[in-house]
Amino acid sequence: MGIDRRKFIKASGLAALGLVSAAPVRLFGQHDSNMVDTTTPASPPSDGKPLVGNRWAMIVDLKKCLHEEGCTDCVAACHLTHNVPKFDNPKDEIKWIWKEGFHGAFHELGHKHLEEHILHSHVPVMCNHCDSPPCVKVCPTQATWKREQDGIVMMDWHRCIGCRYCMAACPYGSRSFNWRDPRPHIDKIDPNFPTRERGVVEKCTFCDERLAVGKLPSCVEACKAKALVFGDLEDAESEVRALLAEHYTIRRKPGLGTNPEIYYIV
Amino acid sequence: MIEKALYGDKKYWGWLILLGAVIGVGTFFYLRQFSEGLGITGLSRDVTWGFYIAQFTFLVGVAASAVMVVLPYYLHNYKAFGKITILGEFLAIGSVTMCMLFIFVDMGQPFRILNVFLHPSPSSPMFWDTIALSGYLGINALVAAVTLSAERKAVAPPKWIKPIIILSIPWAVSIHTVTAFLYAGLVARPFWMTAVLAPRFLASAFAAGPALLILLCLLLKKLTKFDVGKEPIEKLAVITTYAMCINVFLVLMELFTGLYSDIPEHVSHFQYMFMGIGEHTFLMPWMWASIILAVFSLVMLLVPKLRRNHTVLAVASVAVFMSLWIDKGMGLIITGFVPNPMGAVVEYSPTMPEVMITLGVYAVGALLVTVLYKIALGVRRQLLDH
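Heads up: the protein sequence lines correspond to chains P and D, in order.
For the first sequence, the numbering used here gives the first residue as 1, with consecutive numbering after it.
For the second sequence, the numbering used here gives the first residue as 1, with consecutive numbering after it.
Because the hints were derived from the structure by calculation, they are not lab data.
Any given hint might turn out to be false.
The list that follows gives simulated cross-link-like pairs (lysine to aspartate or glutamate, EDC-like), each with its CA atoms no further than 20 Å apart [unchecked claim]:
1) LYS64/P x ASP131/P
2) LYS91/P x GLU36/D
3) LYS224/P x GLU239/P
4) LYS91/P x GLU347/D
5) LYS63/P x GLU239/P
6) LYS146/P x ASP232/P
7) LYS253/P x GLU265/D
8) LYS64/P x GLU115/P
9) LYS86/P x ASP262/D
10) LYS112/P x GLU265/D
11) LYS253/P x ASP262/D
12) LYS226/P x GLU239/P
13) LYS215/P x ASP73/P
14) LYS221/D x ASP385/D
15) LYS86/P x GLU239/P
16) LYS91/P x GLU279/D
17) LYS64/P x GLU100/P
18) LYS112/P x ASP262/D
19) LYS99/P x GLU115/P
Covered, in the sense of this in silico footprint (three residues per stretch, anywhere, with C-beta under 8 Å from a C-beta of chain D), are these stretches of chain P [as the list claims (entries may be wrong)]:
20) 81-92
21) 96-107
22) 111-117
23) 156-163
24) 173-180
25) 198-206
26) 254-264
Cβ-to-Cβ under 10 Å is the rule here; a few derived chain P residues that face chain D [to be verified]:
27) VAL125
28) PRO134
29) VAL136
30) MET167
31) ALA168
32) ALA169
33) CYS170
34) LYS188
Virtual Cβ for every residue (Gly too), placed ideally from N, Cα, C.
Extracted from the complex, chain P is given alone in its bound form (with noise of 0.2 Å):
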């Protein structure tokens, strides 16, 4: 969208005070400042600058990956740090990364002749954080939008109407939805990070709260084999940028044009 997101919300935010004017402080206090606020704990590591890219991506090396061994430390870890909770019926489940087979993760490109390790591998997928967002087009009040800065899929929970229309345009699963409360659900609350209530969409930020305060995502750091590797690819001399230079990598639904930034290594 070529649209400046900024000016954009001063504008609408303009047209909405003449509409509105008994709630303007609120609507300017809460839209005018960079989102990253509403997720930031209350007092920052102050030791901690953030870390800085012009276009986050990750990759995942999937031969490094422990999926033989049912490693699932990335997934505990991000759902720990982010208040995720944990439903008993598959139906009401909220997931920011999961481990989805080979087949279900690269649906078009799976036969059943590949070589074992692939055909029997799990696969982390999470949100892709599209250069071409399909949820973020669709959404009809700006509750998801694109960073600009380094194209992060941002999700606003409190703008969030629970229309659903963003998990029924990606084409990836990413997205899950409040169906019922969450917070009696969650093992154990981090007070560092929100809660969401019912009726709102959520998934994986790249975790903008940690990179704000000079952290790397937690699934990165969680996972063990080191086969996470996060990175900004704008930056020639990045991790990222070697390990897409040196290997052959493969993104999810590429055709799709959404160019998503997850490259795997198989």
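Following the hints, put chain D in place on chain P, whose structure we already have.
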């Protein structure tokens, strides 16, 4: 004018009380959904839209079909439709209201619905659909009120209303086109990504809407002394016949493109719909029923002698309506999500609370249409009495 709705016999009040009771039950279950969340529906991470959105999609068509009486009457000066135009417009008002209610009950955060206007997003078809639907409701309410009050005073409607009536014709087409665009542009859902979706929506709408209008006219004749006459009913029957033929033709186009190309991502949806995948066969009996009803109705409608018999016509109209309701209200939306983008089959079927809330919304629509028809017929009768 509104006071006309306050005088009725026992049957009228009995019907209203029955509808009120259904609305009450629906409201009870909605309050439950409101406090517990959409978790009480059959919807899931994989099938995120279901019964509510499907009803909305179907009823947009019923609303749009008012154009099938407005256009011949106002554009071609087809006088025989004079008596039923207002019925078509009031049916549209009832249908659009139901559409809006179905969207409302589907929202995870219903109190934030104004965000659609506070933070408008022109790239989202949902934004345009909101505008199209509310505009159409406004146009129809205005046109119906102005023309009916002119009729009551036995004067010609004011000149300024004519352009608005003409505007209602493309607007009706737009509401169903934009609704089709909600689905047809999604890269994630190959089942919906077809250029024929909007034309198919319109064809099915122009069959289902007039079929319902025929049934309502026949019902009014039976229950009240109001008789629209033979000619308009037969014309509506012809419109239904043509539209149903075009609809079936377009469905066959979809089947050819999907099945002959044999692209797995396209075929799998049709397979789920008509054959089921593994033990997942929830939709299969419904879809076959829809096909049988469509063929059955076409046989009756295509033979002029049968079509002119009002009993046969009533049966055919019920068959058309049911066939298309199953197609849109059950099949279209759910199948778009099954199998999911990972190729997994996660089934959906509506839960009891979901069905009750749906019935409640339909009851609101029926109540609205009943009261509006009561007013229209009251005005007509008053003219006859004088």
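**Asked** Are there at least three residues in the region 111-117 of chain P whose beta carbon sits under 8 Å from a beta carbon of chain D?
**Response** violated (count 0)
**Prompt:** Does GLU100/P lie within 20 Å of LYS64/P when you go C-alpha to C-alpha?
**Reply:** Holds, at roughly 16 Å.
**Item:** Satisfaction of the CYS170/P interface hint, Cβ to chain D closer than 10 Å
**Value:** It holds, given that the least Cβ distance between CYS170/P and chain D is near 6 Å, below 10 Å.
**Prompt:** Do three or more residues of the region 173-180 of chain P come closer than 8 Å to chain D, measuring C-beta to C-beta?
**Reply:** holds (count 6)
**Message:** What's the verdict on LYS112/P and GLU265/D, does the C-alpha distance respect the 20 Å limit or exceed it?
**Reply:** holds (17 Å)
**Message:** Need the status of pair LYS91/P, GLU36/D: alpha-carbon distance at most 20 Å?
**Reply:** Distance of about 15 Å is within 20 Å: holds.
**Request:** Please work out if LYS221/D and ASP385/D have their alpha carbons no farther apart than 20 Å.
**Result:** Answer holds: LYS221/D to ASP385/D is near 18 Å, not above 20 Å.
**Prompt:** Does ALA169/P pass the interface hint, meaning its C-beta sits closer than 10 Å to a C-beta of chain D?
**Reply:** Interface hint status for ALA169/P: holds (5 Å vs cutoff 10 Å).
**Prompt:** Within a Cα-Cα threshold of 20 Å, do LYS226/P and GLU239/P meet the stated pairing?
**Reply:** holds (12 Å)
**Message:** When I compare C-beta atoms, does the region 254-264 of chain P have three or more residues closer than 8 Å to chain D?
**Reply:** holds (count 3)
**Agreement of hint VAL136/P with chain D interface, Cβ distance less than 10 Å** = Because about 8 Å separates VAL136/P from the closest Cβ in chain D, which is inside the 10 Å limit, the hint holds.
**Message:** Would the hint linking LYS215/P and ASP73/P be met if the CA-CA limit is 20 Å?
**Reply:** Since the Cα atoms of LYS215/P and ASP73/P sit roughly 17 Å apart, the hinted pair holds (cutoff 20 Å).
Of the numbered hints stated above, those contradicted by the structure are hints 1, 9, 15, 22, 34, listed in ascending order.
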